[in-house]
Structures are given as structure tokens and as C-alpha cells.
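Which chain is which? The protein sequence lines are A and B, in order.
Count along the first sequence starting at 1, add 2, and that's the number in my numbering.
Count along the second sequence starting at 1, add 450, and that's the number in my numbering.
These are calculated hints, taken from the structure and not from any lab test.
Misleading hints may appear alongside valid ones.
Keeping only pairs whose Cα atoms sit at most 27 Å apart, straight-line, the calculated DSS-like set for lysine-lysine is [stated by the list, open to error]:
1. Lys14/A with Lys128/A
2. Lys679/B with Lys156/A
3. Lys198/A with Lys633/B
4. Lys516/B with Lys120/A
5. Lys241/A with Lys60/A
6. Lys718/B with Lys245/A
7. Lys550/B with Lys104/A
8. Lys196/A with Lys670/B
9. Lys679/B with Lys34/A
10. Lys550/B with Lys60/A
11. Lys198/A with Lys816/B
12. Lys718/B with Lys816/B
13. Lys481/B with Lys36/A
14. Lys406/A with Lys670/B
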Amino acid sequence: MQFKDVRFVESKTLTLTLDNGVVEKPKYEFFKSKAFRVLKNGFWGYCSGEFDVEEGFKIAEKNVIEKGTSEVLLESCKGEYILKPKISCDDISIEEKIEFLKEIEKTLRSYEKIVNTKIIYLENVKSVEYRDNCGIEVKYTVPRTGVIIQAVAKEGSNFQFYSERILKPSGYECVNKAFDVAENIKKVLYDLLKAKLPPSGEMNVLMDPRLAGVFIHEAFGHAVEADHVLQGATVLSGKLGKKIAGENVNIVDDPTLKEFGFYPYDDEGIKAEKRVLVKDGILVDYLHSRETAAKFGSRAGNGRAQATMEPIVRMSNTYIESGDYSFEELLEEVKNGVYLLGTRGGETNPATGYFQFSAQYGYIIKNGELCNPIKDVSLSGSIEILKDIKLGKDLAFDPGFCGKAGQLVSVSDGAPHSVVKAKVGGGQ
Amino acid sequence: MLSERFERIEEKWHLSIEKSRIKSVSYCVEKGRAVRVIEDGKVGFAASSGTFDFEKLEKLALELSKISGEKMDDFPSFNKFKNPKIYDKKIEDFDVRELKNMGETIIESLRKGNLSTGVVEIERITTKIENPEFSGSYSETLAFSFIEVVKSGSAYNYTQSRNLDIYEKLKNIVEEAENLAEKPTNSVSRDVTVVLSPIAFNQLVSYALFPSFSAENVVKGRSPINVGKCFEWEFKLIDNPLLNWGLNSRPFDDEGVSSERKVLYSDKVESLLSDWRFSKITNEKAGNAVRREITSYPTISTSNIILDVKIRESIDYESLYVHTLTGAHTTNPVSGDFSVECSNAMYKDKFVKVMLYGNIYESLKKLESQTKPIQVDSTVCGKVLFDVGAFKLI
Chain A
3 MQFKDVRFVE SKTLTLTLDN GVVEKPKYEF FKSKAFRVLK NGFWGYCSGE
53 FDVEEGFKIA EKNVIEKGTS EVLLESCKGE YILKPKISCD DISIEEKIEF
103 LKEIEKTLRS YEKIVNTKII YLENVKSVEY RDNCGIEVKY TVPRTGVIIQ
153 AVAKEGSNFQ FYSERILKPS GYECVNKAFD VAENIKKVLY DLLKAKLPPS
203 GEMNVLMDPR LAGVFIHEAF GHAVEADHVL QGATVLSGKL GKKIAGENVN
253 IVDDPTLKEF GFYPYDDEGI KAEKRVLVKD GILVDYLHSR ETAAKFGSRA
303 GNGRAQATME PIVRMSNTYI ESGDYSFEEL LEEVKNGVYL LGTRGGETNP
353 ATGYFQFSAQ YGYIIKNGEL CNPIKDVSLS GSIEILKDIK LGKDLAFDPG
403 FCGKAGQLVS VSDGAPHSVV KAKVGGGQ
Chain B
451 MLSERFERIE EKWHLSIEKS RIKSVSYCVE KGRAVRVIED GKVGFAASSG
501 TFDFEKLEKL ALELSKISGE KMDDFPSFNK FKNPKIYDKK IEDFDVRELK
551 NMGETIIESL RKGNLSTGVV EIERITTKIE NPEFSGSYSE TLAFSFIEVV
601 KSGSAYNYTQ SRNLDIYEKL KNIVEEAENL AEKPTNSVSR DVTVVLSPIA
651 FNQLVSYALF PSFSAENVVK GRSPINVGKC FEWEFKLIDN PLLNWGLNSR
701 PFDDEGVSSE RKVLYSDKVE SLLSDWRFSK ITNEKAGNAV RREITSYPTI
751 STSNIILDVK IRESIDYESL YVHTLTGAHT TNPVSGDFSV ECSNAMYKDK
801 FVKVMLYGNI YESLKKLESQ TKPIQVDSTV CGKVLFDVGA FKLI
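All chains should be modelled from the sequences, with the hints used to inform the complete structure.
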């Protein structure tokens with residue numbers, strides 16, 4: 003049987019940048035295009051562009067150049083979803099948005115050592131309509147809004163950079179917390195100017211929820227994407243039903259949470275659902291597209307695409323559930339080591355399970371107590387550290403964009419404060 | 451009102467390989483338009499992927515110019531430019547059968563292990579710019595292939611070319627990745643000389659060094675570089691957008707400024723990369739504005755950065771050899787501090803697990819020589835040898 007589907011994608015984005023108090027590079031951006039897929043004789047033909055539907059399918063079918071082994075999970079559903087924001091960005095004038103950015107800048111500049119600021123406001127509305135020849139017809143509209151705040155503080159020849167962001171599937175209401183974020187940036191920069199280089203070597207590390215979230219995303223999440231499993235390119239291949247983490251570990255991917263990785267339907271028309279990946283330390287599921295779900299006999303719902311690119315298996319809001327430890331108890335567990343906070347990003351190789359990511363700053367822990375601040379610190383290790391991870395009671399999400407196969411999608415990573423043993427580098 | 455109209459059409463053929471089988475073929479056409487306007491000395495911008503007409507975009511850009519603080523008096527007006535070789539006429543007869551042959555070449559080149567994933571992309575791009583003083587267009591071709599091989603470990607490799615005859619390169623990247631895809635079982639704890647592959651060197655300098663040569667970053671205090679500053683480096687860095695078959699060569703930049711070779715570093719910082727706006731502030735020559743995507747604002751970026759240093763015949767196998775880095779993008783862009791995990795690193799014929807860290811401005815003082823250069827992304831370099839002490843190792 004021949005399978006075919008089409009996606010109509012439209013989006014509108016406004017970006018306003020207040021760079022050292024000056025509005026720079028204000029930008030409207032529009033996107034409108036279509037994506038066509040044909041699966042015939044087990045081989046995918048694909049096409050995207052502003053073709054009419056008949057022509058698009060014809061080109062996609064022409065790209066079926068041989069027989070293959072691909073298959074697709076057949077489902078049927080109809081639906082429509084519109085995320086209605088509490089405050090529509092269209093109801094706020096551009097002048098008002100700029101005034102708001104200027105107020106944030108003023109908050110930052112009240113710390114006299116801040117010499118450089120950049121505040122970026124983003125609003126985007128994306129609409130997708132999906133149809134296939136097996137009975138799926140869905141469409142949705144989701145707004146995403148946020149603010150990214152960056153600042154550089156200077157003391158003598160010592161320059162320190164720090165940034166935080168608020169990004170949500172919402173309207174203008176999400177930016178209200180920007181002033182709290184600006185206050186925190188001042189506090190962190192104050193510490194960073196006094197920070198020393200970190201110690202190096204293998205040691206106990208207390209990660210804050212943002213850093214632990216990146217760890218879960220990078221070290222674990224990419225390794226359970228089922229396309230990597232089919233490619234034989236993940237250390238978690240063949241590990242379904244096996245213990246891969248401590249009994250205290252439960253890991254979930256949930257696109258229905260209203261965090262930055264939210265979507266109502268994936269880019270293959272499948273209704274989004276929460277998926278438990280690790281239960282009591284046992285790997286119980288992978289993340290699936292319609293193709294990998296058919297091959298594994300599982301459920302689809304994780305096929306995502308940037309704009310009109312091909313949908314591939316992706317994460318959404320991925321998090322490790324909270325545990326029992328209080329913050330003070332986690333400090334005691336570390337005894338001597340480092341407390342690392344924030345993230346400048348990370349990278350992993352699912353085939354080996356090795357990861358590397360950088361914290362934005364941290365503190366030395368001596369005898370279970372927080373001591374002097376540290377800067378420019380990186381962490382590396384392998385997925386094996388999940389076998390001995392201690393989890394705090396709190397849980398927080400951090401938004402971001404995840405790159406895979408040349409495509410960026412919105413995600414969030416969640417975790418409680420967590421203690422692991424890992425390799426720390428960057429300093430003495 | 452002054453208006454600049456930018457248009458780009460990208461036509462791309464893409465083949466994907468999964469577990470040593472060709473899995474899919476795609477053909478994509480993306481058309482984009484962007485408009486920048488100057489009204490009362492202030493700049494507004496609007497862009498679209500799709501068929502928005504220029505008049506509509508001009509109206510929106512004009513709306514944004516009213517709140518903009520970005521100031522410009524005029525758009526560039528260059529009407530003479532050189533044409534580097536960037537277009538391979540073979541694209542005009544290209545069809546999916548050739549793409550299939552390229553995919554099969556990759557698959558057949560692997561002797562041992564699993565070719566977990568691979569892609570081949572062939573692209574034709576046409577760019578057109580018009581402003582009140584300038585009008586120009588050019589076409590370019592690009593071939594790209596990425597592969598990953600899994601054995602006891604994994605290794606990725608890639609090649610890029612303006613020329614579509616890439617069969618030999620496809621074979622070479624597979625063979626190299628196959629030789630490197632082993633699990634590291636050893637470590638290196640003592641100080642050693644380090645050789646970075648062209649991919650690893652490009653990863654390091656693209657994030658830790660090149661952004662500092664942006665005139666915008668220098669003016670805004672986001673760079674430790676200044677013209678005239680000496681870092682005690684024993685090499686030259688040259689940005690050359692006129693290099694024949696260079697991956698980022700072009701007759702003019704994305705603002706319409708004619709391309710020109712620039713020496714960035716030679717005993718001291720000689721010049722900065724600049725766009726039209728910052729050339730007026732810094733007196734640096736413009737010509738380095740790039741739109742990363744069709745709808746992107748033009749921003750200052752590198753073209754082909756040539757590392758000019760002593761060339762040696764082969765690398766020293768007593769050195770730590772690093773094929774790729776993990777986490778180069780986490781570098782501190784303001785200070786140049788970095789700490790990166792090495793992937794596919796070898797020391798004395800054994801695969802090793804090691805992390806490198808340091809400060810790029812200090813590390814480069816120990817850059818000693820390179821093998822015959824090739825181009826990887828923006829960087830034209832060979833395998834680059836660093837003396838003992840260039841990096842700290844864990």
C-alpha cells in the first residue's frame with residue numbers, strides 16, 4: 003500500500019532586541035510552505051516547497067528510487083487545537099513591548115558593574131495542518147513567547163557573562179517574571195566577578211535543576227530516540243526491560259505539559275501523550291515516530307520537524323522525577339566537591355553514551371557547605387552515572403532549542419537538584 | 451525611504467542512509483525574500499519564506515523602523531566585483547540517479563562496522579540584491595556529505611565541496627571514520643603535543659575565536675580583541691571570500707559589498723570583520739555581512755579563514771591526535787575559555803578518553819605547524835600541531 007501525507011505550515015515571528023539600551027535589528031519574519039511524503043515499496047520520497055498538492059505528491063513519488071524496508075503506523079483521528087493565550091501579544095503595542103524591555107535593562111543597570119546588556123523579546127505563532135491518506139486530519143495553532151536576558155559585568159580586566167531566558171507556549175503573560183530573572187542575573191554576576199577557576203578531575207557534583215535537566219536531555223534523552231536504536235547508534239539499544247538506572251529513577255517525556263516543548267499533535271498528526279521512559283530504574287519505552295513505532299510495535303507521537311523538514315524522532319518536555327533528598331541532605335552527600343548551576347549547552351554521542359556540558363557558574367562544596375564561587379566549568383561523563391544519582395525534592399523546567407540532523411525544535415528539560423560523580427574540567 | 455531587496459532561492463536534493471541502506475530521497479525548494487528599509491536614518495527589517503511580495507514586506511519594515519534605534523545613512527554602492535569560482539555546471543544535468551550513486555558509494559566504501567547514518571546533499575543557491583545604488587546576483591553550488599560509523603565506538607566525518615564530483619571524498623570520509631570508530635580504553639594524563647584534525651580545529655576556533663574578530667563584538671565590548679593587539683601567535687589568519695571553490699566564497703556579501711581578502715592577524719590584529727554599518731563606526735572595510743538563513747538579518751561573519759603557518763609533510767604520531775570535539779559550542783565567547791571532550795582521540799596507537807581545556811588566546815601561542823590544508827566549514831587548515839602545554843588535559 004502507498005502511504006502519503008501533507009503538512010501545511012505557517013508562522014509569524016516578531017523579534018525585538020534591546021542592545022545596550024538601543025533597539026537593534028527589529029524583525030518581522032513569515033514562513034509559509036508545504037511538506038509532502040510518499041512511502042512506497044518501503045522507501046520514502048519527500049518534497050517541500052510552495053508546490054500545489056498534486057504536484058508536491060508527484061515530486062515526492064518521483065523520489066522513490068528503489069525498494070526499502072520502511073513502514074508506517076496507520077492511525078485515524080481528526081482534531082483541532084488552538085492554544086488561547088491569557089494576553090495576546092497582538093493586544094500589546096510594539097512601543098509597550100519596548101518600554102518593557104527598557105525597564106528590564108534599567109533593573110540590570112542598577113548594578114553598576116554591568117557594562118553590557120542584551121535583551122531579546124520573541125513572539126511566534128505557528129499553525130500546522132496535517133492530512134494523510136489513512137484518515138488523519140488535524141490542525142493546531144500554538145503561540146510561543148519569551149525573553150532572553152544577557153549581561154556582562156566588568157571589574158578591572160575581568161569580564162563575566164551570564165544569561166537566562168523565559169520561553170513558554172503562551173502569550174504575553176509569560177514575560178511578567180522577567181524582572182525576577184534580571185534581579186537574579188545581577189546576583190549571579192556579583193558572584194561570578196569573585197569566582198575562581200574550578201578544581202579539575204573526577205568528583206562529586208551537585209547539579210541544579212537546569213544543569214541536571216540538560217544532563218537528562220543530552221545523556222539519556224537522545225539515547226532513547228528510537229531512530230538511533232534502529233540505526234544501531236545508541237548504548238540503550240536492546241536494553242528495553244533492563245535496569246539502566248538506580249531504583250529511585252523515573253524519567254518521562256511529556257509533550258502535553260505547558261512547557262516550551264509542548265505540542266498538541268506531532269508533525270505526523272499523532273495526538274501528543276505523556277510517555278514514561280524509565281520506571282524504577284528499568285527502561286520501559288523509547289521515543290517513537292510512526293515508522294519506529296511500527297517497527298517496535300509501540301505507540302507513535304514523537305515525530306517532530308523544524309518548519310517543513312522531514313519529521314524525525316524528538317524529545318518534548320523531558321524530565322527526571324523528583325526524589326526524597328532536601329538541598330541540605332544533598333550537600334552532605336557531596337561532602338567535598340562542586341555545586342554547578344545553569345548551562346551554556348551540552349552535547350552527547352548516543353552511540354557511546356558520553357556527554358559534555360558546561361555550567362554557567364558554581365560553588366565549591368567543602369565539608370557539606372557552600373564556599374567560594376567558581377566559573378567556566380564543564381562536566382563530562384557517561385550515561386552510567388544514572389546508576390548512582392541522588393535526587394532532590396524540587397523539580398524545575400528549563401526551556402531551550404534542541405538540534406538534531408540539522409533541525410532545531412523547542413524543548414524543555416526538567417529535573418530536581420541531583421548529585422552524581424563526574425569529570426569536572428575548566429580550571430586549575 | 452531607502453529600501454534594500456534581498457532574494458534567495460535554495461534548491462536542494464537530499465539522500466539519507468540508515469544502517470547501510472538508502473532510506474529516503476527528498477527535493478526541496480525554499481524561496482525567501484527580505485527587505486531592509488532606512489527611514490529618517492533608522493533601520494527596519496521584514497522577511498519571508500514563501501511568496502510575500504516586496505511591497506508588503508516594505509510596509510512592515512517601515513513600521514519597525516519607527517521604533518528602531520539602529521542607525522544607517524545609506525546602503526552600500528559597489529558595482530564592481532570579482533567572481534570567484536563557486537558554481538559547478540554539472541548541477542544543470544543533475545538528477546536523483548546521481549544522488550543514488552553517491553549513496554551507494556558511501557555504503558560500498560565501508561568494510562567493517564555499521565554505517566548507522568549518512569546523508570548526501572546537493573544544493574544550488576541563487577542570490578539577488580537590489581538597493582538604490584546596487585543590483586547584483588550570483589549562483590553557487592554546494593555538495594555535502596555526513597556519515598557516522600559504529601564499531602566498538604562511533605565516529606562521524608563529513609566533507610563539503612563546491613564541486614559536485616565528490617566520489618573520492620565520500621570514500622575517504624568513510625574509511626577515516628571506520629578507522630576511528632573504536633571505544634577509548636586508555637587515558638592521557640601527562641603533558642603531550644596535541645594534533646587537532648581540521649574538523650576539531652575548526653570546531654574550536656569557530657566558537658572560541660572567530661566571533662571576537664567581529665567589529666560589532668569589539669565595539670560592544672564583547673571581544674578581548676582590538677586592532678593592533680599582539681597575542682604572540684606565530685601564524686597569520688586571513689579571511690578570503692574570493693578563494694576559488696572556497697565554501698563561503700562570493701562576489702559580494704549579503705549587503706552587496708564587493709568581496710575582499712583581509713589579513714586578520716599577522717604579528718598583531720590587523721583588521722576586523724565588518725558589515726556596512728560597523729565599517730562607518732570603526733573605519734574597518736565592510737564586506738563580511740552574512741544572512742545565515744534566507745530570513746536572517748545580515749550579521750558579521752567569517753567567509754574562508756585561512757590558517758597560514760609552516761606546513762609539514764605528516765603529523766607526529768607521538769602526539770595526542772583528536773578527530774572531533776564534543777561541546778565546542780559551550781565555550782565562553784567573551785573570555786575565550788573552553789573545556790571540551792575529545793571524541794576519537796588517539797595516543798600512541800591507542801584510543802583514549804580525554805578532556806581538553808584552556809583559553810584560546812593562550813593555546814594558540816603554542817600552535818606550531820599544520821599538514822596540507824583542506825577546508826572545513828569556515829576554516830582552511832590541515833591537521834594542526836600544538837606544542838606541549840597548549841592545553842590542559844584531564
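So, going through the hints one by one against the coordinates:
| no. | hint | in the structure |
| --- | --- | --- |
| 1 | Lys14/A with Lys128/A | holds, 7 Å |
| 2 | Lys679/B with Lys156/A | holds, 20 Å |
| 3 | Lys198/A with Lys633/B | violated, 34 Å |
| 4 | Lys516/B with Lys120/A | holds, 20 Å |
| 5 | Lys241/A with Lys60/A | violated, 41 Å |
| 6 | Lys718/B with Lys245/A | violated, 57 Å |
| 7 | Lys550/B with Lys104/A | violated, 55 Å |
| 8 | Lys196/A with Lys670/B | holds, 23 Å |
| 9 | Lys679/B with Lys34/A | violated, 47 Å |
| 10 | Lys550/B with Lys60/A | holds, 19 Å |
| 11 | Lys198/A with Lys816/B | holds, 25 Å |
| 12 | Lys718/B with Lys816/B | holds, 16 Å |
| 13 | Lys481/B with Lys36/A | holds, 12 Å |
| 14 | Lys406/A with Lys670/B | violated, 32 Å |
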